[in-house]
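Undergrad: Sequence:
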Amino acid sequence: MLKGHALFAVALVFASTVAAQENPYPGRPGLAYPEATPEETASCSDLEKTVSGFNPPVEERVDLWASGPITMVETDKVLWYVAICALPGARVLCVTYSENGMKVGDMVTVRGAMRVQDAHHIVLDPCLASRD
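Numbering (the numbering used here), first residue to last: 865 to 996.
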């Protein structure tokens, strides 16, 4: 019988760990642990809510998944810079290795390691961008 209790305890700990990882940032759409998928992707209108007052430790990587229209595509011949969303709201700059034929106006989802510069500027580096 002791073995059954031990298995139940292990299962309970595992289940609570998985549940805790499902939504590490409640009330902040688009945020996830590194390389994880959030419960929902942030829209342009969600971004200010997502980053408002959010100050994770510098050494902690937090990923952001956000969808919106491309507002800028530029390159320095090494990297590509794909921006989504427009001021006066928050904008997201995705630093990536290819523009994959994307152009201004395309609806895309960007996802990557987030660094909040201020209430209106978020950088994802590294980042992946794909058409919706």
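Quick caveat, the hints were computed from the structure, so don't treat them as lab data.
Built from N, CA and C at the ideal position, the CB exists for glycine as well.
Misleading hints may appear alongside valid ones.
As the list claims (entries may be wrong) - Derived DEER-like restraints, expressed as beta-carbon distance ranges:
1) Y961 <-> T901: 15 to 25 Å
2) G965 <-> P888: 29 to 39 Å
3) G891 <-> S962: 17 to 27 Å
4) E938 <-> R995: 13 to 23 Å
5) G917 <-> V942: 30 to 40 Å
6) D970 <-> E923: 14 to 24 Å
7) R995 <-> G917: 23 to 33 Å
8) E903 <-> A977: 31 to 41 Å
9) P921 <-> G965: 15 to 25 Å
10) G969 <-> V922: 27 to 37 Å
11) L992 <-> E924: 14 to 24 Å
12) R979 <-> V942: 13 to 23 Å
13) E923 <-> H985: 30 to 40 Å
14) G953 <-> L992: 17 to 27 Å
Undergrad: Give a verdict on every hint.
TA: Each hint, compared with the structure:
1. For the hinted restraint 15 to 25 Å between Y961 and T901, the CB-CB distance of approximately 21 Å keeps it satisfied.
2. Under the hint 29 to 39 Å, the C-beta atoms of G965 and P888, about 34 Å apart, fit the expected range.
3. Look at G891 against S962: about 34 Å separates their beta carbons, and that is not inside 17 to 27 Å.
4. Separation of E938 from R995 is about 18 Å and conforms to the stated range, judged on CB atoms against 13 to 23 Å.
5. Between G917 and V942 the beta carbon distance is about 34 Å. The supplied range of 30 to 40 Å therefore holds.
6. Distance hint check: the CB atoms of D970 and E923 are about 34 Å apart, inconsistent with the given range 14 to 24 Å.
7. One distance hint, 23 to 33 Å for the beta-carbon pair R995 and G917, holds here, with the actual separation near 32 Å.
8. Distance hint check: the CB atoms of E903 and A977 are about 19 Å apart, inconsistent with the given range 31 to 41 Å.
9. P921 and G965 have their C-beta atoms about 37 Å apart, which leaves the hinted 15 to 25 Å range violated.
10. Here the CB-CB span from G969 to V922 is close to 35 Å, well matched to the stated 27 to 37 Å.
11. At about 20 Å, the CB distance of L992 to E924 agrees with the hint of 14 to 24 Å.
12. At about 19 Å, the beta-carbon gap between R979 and V942 stays in the expected band of 13 to 23 Å.
13. Remark: the range hint 30 to 40 Å for E923 to H985 is contradicted by a beta-carbon distance near 21 Å.
14. About 22 Å separates the C-beta atoms of G953 and L992, a value consistent with the hinted range of 17 to 27 Å.
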